[in-house]
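Each protein sequence line maps, in turn, to chains X and D.
Plus 479 on top of the position in the first sequence (first one is 1) and you've got our numbering.
Plus 859 on top of the position in the second sequence (first one is 1) and you've got our numbering.
No lab work stands behind these hints: they were computed from the structure.
There could be a bad hint or two in this list.
What the hints assert, rightly or not - Cβ-to-Cβ under 7 Å is the rule here; a few derived chain D residues that face chain X:
no.: 1; residue: S1094
no.: 2; residue: V1200
no.: 3; residue: R1203
no.: 4; residue: V1237
no.: 5; residue: R1238
no.: 6; residue: R1239
no.: 7; residue: P1274
Note that the coordinates shown come from a computational prediction; the quantities given were computed from them, not determined experimentally.
All C-beta atoms in this analysis are idealised placements derived from N, C-alpha and C, irrespective of residue type, glycine included.
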Amino acid sequence: MSLDIEEVIRIAHLARLGVDESEYPAYARNLSDILSFVEQLNAVDTDGVEPMAHPLEAKQRMRPDRVTEGDQRERFQRIAPKVENGLYLVPKVIE
Amino acid sequence: MHQKKLAELAAALRAGDFTSEELTRAFLERIERYDGQLNSVITLTAEQALQQARAADARIAAGEGGPLTGIPFLHKDIFCTLGVRTSCGSRMLDNFEAPYDATVSARLREAGAVMLGKTNMDEFAMGSSNETSFYGPVRNPWDLERVPGGSSGGSAAAVAARLAPLATGTDTGGSIRQPAALCGITGIKPTYGRVSRYGMIAFASSLDQGGPLASSAEDAAWLLQAMSGFDERDSTSMERPVDPYPEMLDMDLSGLRIGLPREYFGEGLDAGVAAAVEAAVEAFRGLGAEVRDISLPNAALAVPAYYVVAPAECSSNLSRMDGVRFGYRCENPRDLEDLYVRSRGEGFGAEVKRRILIGTYALSAGYYDAYYLKAQQVRRLIRDDFTRAFGEVDLIMGPTSPTTAFRLGEKADDPVTMYLSDIYTIAVNLAGLPGMSIPAGMVDGLPVGLQIIGNYFDEARMLAAAHRYQQVTDWHRRRPPGFE
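Next comes chain X alone, as it looks inside the complex (with noise of 0.2 Å):
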């Protein structure tokens, strides 16, 4: 399997990640490597393998539904990198 530039490029838009365009072949070629090691997994017949979710096949755990925390809203809008009025600030979404 090897990746092209174009699907490096497709790929960071897809993960909302900037990439320098510099180091765009680097990771073609990085990610190219790493598809074709993982490839091998090609080789092995796995028709009828259950995929496995858990070691021990263990169960979600389900508990009352109850409040179990309070408001905790300055708290955690201390370390945000913009806060106004107690809602997040981001640039403009909507003209």
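Since chain X is already given, all that's left is putting chain D on it; use the hints.
Same frame as chain X, but now just chain D:
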């Protein structure tokens, strides 16, 4: 006092030979004196440590507290700590002060352990050499031109140099065991679900597990006990009592059956490492264990399966780092898209980006079945190999790492070669089993690690075997020259 084992330190504190404050100062001085060479600590918390030490002294004087009360430790910078920065080795979280304690942090705080600081690590725990850290590489105390292993490289180097008697780590594909091996100390990756992941910054949630690093199995047993236990805030935490590991160190091991996977002794294993591991296995035979060959037929598929599952989970977990609610935000974003793209592009380093990209690709429309589903099927085959093996043996042993510590920069430009340094540790994470590494020899002045793999929740037997070995050998007592 820095050479004493944990039980001796605890006894000395109780006997009044020295106070926790004095002990804490002694280790802080060692960090001050030696860490310029190692770079094992990202954030030193000297003031808080001395406060905690004085509080511990008061508890001890009142006849309260437990075995860890007043004992200093270093905490991997992946565990959230209230009031102290948690960077995860990344520029992205360079300014991040968690608004809460991880369960492991809270447990150790309640136990009265004294946190000296937060240790260096590969960025978001992605790496096997501690070279991907935003805070620079950690150096191996046995040879400063070599890596300590990773991702818990700071914790391993610090314990090896006795800058702290104990440290915490996390292990997603070998990140406790491999650095423990390369630095000549004892490290444990517990059964998946044994140690709470709450507040432990997630890399690959189905593989991540916290654990102890220490100078011996005995010391590690105490820390593991304090870290372990059910936590309702972690939905994958197992509701099951914790064995009293320290009390079980001397459990009866007669008739112990040890399996050696043929696949772990083949091509790629350094001859010196192989010889040291074989000698260690011989020592177990001498102690009365029955040793037999076993097979893990799908062993070679572990690294490829891991490099689908781990990046897939990482790309999903790290999507929360978006520059909006916490962490790094780029300057003057043009619009929301630009805010996301540049904050993440500038906040993450190259290895983290590679894994996010691989994971995003593997999970993208049209590729999910070919990659993720396939890897999860192979994962079951790998787990089934172990289940069969544990039908005939009690413990599995082999090398932790194919080589001793490699040179800084040696593998930094070749991701796949770097990934293969975890070839013997990764399957254990995929299967959710407990594993540990103990020092078992030296090759050209560098430590060799023996890996011991146990059955699910059989940490006590693993520890007891390691303890027995450490009573008849002194590899775990060797200290790197220059750090006495």
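Discussion item. Going through the numbered hints above, which ones does this structure break? Give me the numbers in ascending order.
Written reply: Structure breaks no hint.
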